[in-house]
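Got chain Z sorted already, so can you dock chain E onto it with the hints?
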Amino acid sequence: MKVKIYTNSSCPYCSKAKNFLKEHGVKFKEINLSKYPSAAKELKEKTGQTGVPVILVGSHRIVGFDESKLRKVLKVK
Amino acid sequence: MQFTLMKESKEKRTNYEAAIIGAGPAGLTAAIYLSRARIDTVVFEKLIPGGLIASTDWIENYPGFPDGLSGGELGERMKRHSLRFGAKIEDIEVTGVALDSENISIKTAEGTYSASALIVASGTSPVRLNVSGEENFIGKGISFCAACDAPFFEGEDIVVVGAGSSGIQESLYLSKFARSIKIVEFLSHPTAEQILLDRIKDNDKIELLLFHKVIGFIGEDSLSGVEVESRETGEKKVLDVSGAFIYVGLSPNTGFLDGLLDVDPKEFIKTDPELRTSREGVFAAGDVRTTSLRQVATAVGDGALAAHKVIKYLEKKNEG
Numbered sequence: 053m054k055v056k057i058y059t060n061s062s063c064p065y066c067s068k069a070k071n072f073l074k075e076h077g078v079k080f081k082e083i084n085l086s087k088y089p090s091a092a093k094e095l096k097e098k099t100g101q102t103g104v105p106v107i108l109v110g111s112h113r114i115v116g117f118d119e120s121k122l123r124k125v126l127k128v129k
Numbered sequence: 002m003q004f005t006l007m008k009e010s011k012e013k014r015t016n017y018e019a020a021i022i023g024a025g026p027a028g029l030t031a032a033i034y035l036s037r038a039r040i041d042t043v044v045f046e047k048l049i050p051g052g053l054i055a056s057t058d059w060i061e062n063y064p065g066f067p068d069g070l071s072g073g074e075l076g077e078r079m080k081r082h083s084l085r086f087g088a089k090i091e092d093i094e095v096t097g098v099a100l101d102s103e104n105i106s107i108k109t110a111e112g113t114y115s116a117s118a119l120i121v122a123s124g125t126s127p128v129r130l131n132v133s134g135e136e137n138f139i140g141k142g143i144s145f146c147a148a149c150d151a152p153f154f155e156g157e158d159i160v161v162v163g164a165g166s167s168g169i170q171e172s173l174y175l176s177k178f179a180r181s182i183k184i185v186e187f188l189s190h191p192t193a194e195q196i197l198l199d200r201i202k203d204n205d206k207i208e209l210l211l212f213h214k215v216i217g218f219i220g221e222d223s224l225s226g227v228e229v230e231s232r233e234t235g236e237k238k239v240l241d242v243s244g245a246f247i248y249v250g251l252s253p254n255t256g257f258l259d260g261l262l263d264v265d266p267k268e269f270i271k272t273d274p275e276l277r278t279s280r281e282g283v284f285a286a287g288d289v290r291t292t293s294l295r296q297v298a299t300a301v302g303d304g305a306l307a308a309h310k311v312i313k314y315l316e317k318k319n320e321g
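Quick note, the sequences are listed as chains Z and E, same order.
Per this note's numbering, the very first residue in the first sequence carries number 53; after that it's consecutive.
Per this note's numbering, the very first residue in the second sequence carries number 2; after that it's consecutive.
For reference, chain E alone in the conformation it holds in the complex:
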């Protein structure tokens, strides 16, 4: 009897008014707003709450935290905030989404859930360079997460690919460990925030190598060099390094949608100004949608707007 009761209490709920895919800043903000409106909400997260910021060492441009804080800490705070108002977070990867006239089905490895409205806030993943040797040396010299793997490069010479804000921010963090860092940038100028560029000027471990492209990764059992080519002269050379961190852009996590929603040429989800997608009842928020700026602050704004639109959508649906 006792066993039966325990079993029943462990049965998962699978029907919600609103579902959110992704527990990054956009998804968790939407969860806060929806829960406060007393909309029954579930959030699916395949990794840990925070999304991509969870592996960002330091965030100092999100208002309200003048001294900055780690991405992991911010993600954890956002998670606690959404749980406070009653959102449910399921630690499950979504594998597919299907629509019928009444409901939206969200397929996961642990069964199918249904909801009346959906916010896709599944974020992005780092882009690979797709050059020779890259695949062989991931985890053996090549990394996409400085906050995770920096201790492996204590006292070593390394390369960071990409001089955008992520590349420069993470180089500053890596300089606490590495002996020297060359930042290889494809363009003739870095594109990071000026405050970050000012900081690398004061850091004698960091050097910029502009207008160069990475053409290959070299080594035997582990990475021993990065081959680069000058885009001005065509001259090729090998940088003798044991580590390479790649920050050359982001691609949207939309594989599970399998063509369900209209996307732009880079596969980001197209939305209208009210964050509606091409399918009724499905909204998109944060980095996964077509937008000109991908920041915690913009994702939070998207999450609030998407939640507001879901509330209005459900009101209308329930009236009708």
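One chain only, chain Z, in its complex shape:
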């Protein structure tokens, strides 16, 4: 499953989410809005979300750092 995470450099929940993925050996593609501000518009249009992190795992979309949902979708303990 492909994992993509939208983040912002100053967002503590984004750091937490990335740390979680790294700790569990999950490879992911990061789109940092500080570096690519235009991605904010794309994400807003696609998902209606105006906050990060947003984590896309295959067809699942996880808004915020929701650890239990992430564990379930990624099938990690």
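Straight-line Cα separation of at most 27 Å, DSS-like style, residue types lysine-lysine; simulated pairs: (1) K183(E) <-> K238(E); (2) K98(Z) <-> K177(E); (3) K93(Z) <-> K79(Z); (4) K317(E) <-> K89(E); (5) K74(Z) <-> K108(E); (6) K267(E) <-> K108(E); (7) K98(Z) <-> K87(Z); (8) K121(Z) <-> K56(Z); (9) K74(Z) <-> K13(E); (10) K68(Z) <-> K108(E); (11) K129(Z) <-> K108(E); (12) K68(Z) <-> K13(E); (13) K108(E) <-> K70(Z); (14) K13(E) <-> K89(E); (15) K183(E) <-> K93(Z); (16) K70(Z) <-> K89(E); (17) K13(E) <-> K124(Z); (18) K89(E) <-> K68(Z); (19) K121(Z) <-> K108(E); (20) K13(E) <-> K127(Z).
By construction, these hints were calculated from the structure, which means they are not laboratory data.
Showing chain E alone in chain Z's frame:
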């Protein structure tokens, strides 16, 4: 064999002389002082080091940084500083605290730790307005973190609720993105530092709407308006905006204590002037305790004092 050795080396230590809950400025300062006194110290942090400052875009009233620096950078520097002297930082949320005659038990999702003394420095979280529509539009127009979510509002009209120092500071940051910002303030005057108020006078994107209260958030799939009411005339109107950032105060992160310590009516932890709480061996420092000013500078002072008191407490306990 190799596997066994690796497994053993990964086993976590769970017994420390001192434990600190929260790696914000208070907790990390306490960790520096305790580690320098060679007190075996663990710090628990549920998010990332820095606490609430980690999501603050810019800090320019903390001495030693005349040009200012981002909250994330300051948090990271404080973390490095505490690690330098040997403190251990555990990236775990504390779920409960229990006391017996000898030790303090700190319950986490990854097991129970014990310590002889505890500093609660768990900080605060932004307060919600608790008005209609707020819950529905969090993450869909409503945010509590400008440094995180500002890019979503490039070229848009937005509202900031609260004209305290946080509300004004974050409005100045948001003005780099938004087309216009109305700051809605419940009181008849803003309460921010004068230097910040002087800056918004020079910013033609920002307008103050004083003596108004927010009564609801409106929209379908995402936020399209904020309904406000004049506290002078009772007149209601809707501000057509796609974003709202809320800075109306802070509430203490004390849920995990489950009534263990005496608190004030707003749930902040009561301490004496030496930062002792109502339970022996438990101290509180920083924004989580009852105090009249919540700043990085005051939290740092609290952290140093709490650590000093823990050192004295442990000396006495070990003598006795």
